[in-house]
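**Q** This is what each chain is made of:
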Amino acid sequence: MGDAEQAPRKAAKPAMSIEKAQKARRKFLQSVGLTAGVIGISLLGYVPLSRAAGTRLRPPGALNEADFLSSCIKCGQCVQVCPVQAIKLADLNDGFGVGVPHIDAREQACDFSCDAVQCILACPTGALTYKKPEFLNTREGARLAVAPILKAKEKDAEPTLNLKERIGVAKLVRPENCLAVQGKGFKGQARGANFKGEMRYMDVDRWKPIPVRDHPYDLELCDLCVRECPLKNAIELRPLKGADGIARMTPVVMEPCVGCGVCEMICPAESAAIVVEAQAVWKGASV
Amino acid sequence: MSRFTDLFMGMLGAAPKKPARVAEKVQKIMVLKYEDKDRYIKEKLHARAHHEVSHKWRNRRWAVLLATNLLFVLSFWLDIQLLEGSLTASRFAGFHLIDLNSALQVMLAHKHIIVNLFIGTFTVFLLWVLLGGRTFCSWVCPYHLVSELTEKLHLKLVDRKIVTDHEFHRGTRTVFWLLFGLMSIVTGYTVFETLSPTGILSRALIYGPGLALGWVFLLLLFEVFWSRRAWCRYVCPIGLTYGVVGSISPMQVSYHVEHCFHEGDCRKVCLVPHVLDVTVKGRASEESMSLGPDCTRCGLCIDVCPTDALRYEVKGLSKLL
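Protein chains in written order, with this note's numbering: chain A, 1 to 287; chain B, 1001 to 1321.
Hints are computed from structural coordinates only; laboratory data are not their basis.
The C-beta atom is built at its ideal place from N, Cα and C for all residues, glycine as well.
One thing to keep in mind: the hints can contain errors.
[Said to hold, decoys possible] Here are the computed lysine-lysine pairs in the DSS-like style, where the Cα-Cα straight-line distance is at most 27 Å:
#1 A:Lys88 with B:Lys1111
#2 A:Lys20 with B:Lys1111
#3 B:Lys1268 with A:Lys27
#4 A:Lys164 with A:Lys187
#5 A:Lys23 with B:Lys1111
[Claimed, not checked] Covered stretches of chain A (chain B as the covering partner; in silico rule of three or more C-beta atoms under 8 Å from a C-beta of chain B):
#6 23-37
#7 56-70
#8 191-205
#9 249-262
[Said to hold, decoys possible] DEER-style ranges, computed between Cβ atoms:
#10 B:Pro1273 with A:Arg26: 16 to 22 Å
#11 B:Ile1080 with A:Asp214: 22 to 28 Å
#12 B:Lys1025 with A:Ser17: 35 to 41 Å
#13 A:Val173 with B:Leu1070: 44 to 50 Å
#14 B:Arg1060 with A:Asn93: 36 to 42 Å
#15 A:Gln85 with B:Leu1070: 20 to 26 Å
#16 A:Tyr130 with B:Lys1018: 56 to 62 Å
#17 A:Tyr130 with B:Asp1308: 38 to 44 Å
#18 A:Lys283 with B:Val1064: 54 to 60 Å
#19 B:His1166 with A:Gly192: 43 to 49 Å
#20 A:Asn233 with B:Leu1071: 41 to 47 Å
#21 A:Lys20 with B:Ile1080: 19 to 25 Å
#22 B:Asp1308 with A:Ser17: 26 to 32 Å
#23 A:Tyr130 with B:Pro1250: 39 to 45 Å
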């Protein structure tokens, strides 16, 4: 019906030539194609997310993963202020997470050598925050029981780190690799001569982190993860019951662990006996 | 509709309209212009002959663009800490600066605005109101520069009839702006940032290259072989965001019909030629008209115009002086 009505009107007064109309139609269709194409490609950003949810270790003070991805403006100011360059920005294979900061603890962990968690201070959008707004949910076990005490600041008037939630939890995933568990000591550079990672050693310089390779060790029983943990009471060595008479110890992670990853970085075993489980929450001591 | 609304709608994608009413003075100018055809042609040729083709504004603009991006890079590399961050968000000597479109995406996705985010966004808003909105595109955005360079290749190929330019509807950008905003709200992710060549290039310059540059390369290929300046013209929501800001900016490129021979050189070099529709014979309604919000104030038209009919103008300032 509509066609029959429209047809004579069209014939009576052609708004534009057939050629022009075809051109306009083609332009419209191509524009729709362009829109669909670009939007389609942009939605590919979902793919890496669905595969790898929660596997990245985020900088301290990061919101929960979904909130973190939505609030991060991908500027890298956190990267710029970190004194040990622990923070890296993700590439396009992280999908929507492109340009979002993360930490590869084995390569370079956060050792809090900035004292004040500078990355949180630098974040312009609150993706990294000292105080989470109340309407954002907090996962059970993510909240720290008390403000963690930084060993380096223990004698200061304010020895705590302004951190309310953990970014992960350390876990002894390969006890068979652990030197302490084997009852062995450690002598030399913790990660070899080519390792580029840095750390702050209070007995060397409080304000200047140095390469781990410039700080060799000589230990009767390896206790690097406990010795170098920047926080108080986050990890300790406990004797292992064994019948063979060798003095063995095992590292035990405790509630104050924030998941900074120093233990993973410093662990001399290949592969690391202890690693940080990114975005994990505290579920009680695993002994 | 007022000229403001017309220009704004033009930015959103509407076709330029012929003026409903032409000022008497302009009518007089047009009559005088064409009164004596020989004189008109002579004058035209004279102007051409004496026009020294300069790249004054282009060179200044490239210098500013490179200097701005270099300042970001050096601030990090040399640890000068003058301009920390990247184009999406930064701190200039400690003051928060946040890209308006990035801020918008984060606000829509996260649905929460902290004080620093608001301060940074507002500062940048004021800055670009003063500087002309889309001035950001041509004077700061690194993708604009690489796209401007590859455009030369595209034009060469078009000239040799190896490729043809495929135009899309200009309203497509408005649709993209809405869709990217909607996707931020619905998915809770800043979807546009994944693709934004502005952010990708800025981060690549400062923090080192990565896979993401592959996407930028694909975009450039598309622009060279399929559609001239397609990203800036038909897709990029950053341009529209800054365009909206620029709609109330006193910083304008203005057109003076009296000096114009209506040859259209300006439209050929322009990223957004629809803003130069006033330069078509019979389209100008006032003696002096600003090109409007979609103009990136890049100055290519000013460089190419042989008769000084196009000029930078700070509205209100010329009256004051």
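**Q** Going through the numbered hints above, which ones does this structure break? Give me the numbers in ascending order.
**A** 2, 4, 5, 8, 9, 17, 19, 21, 22
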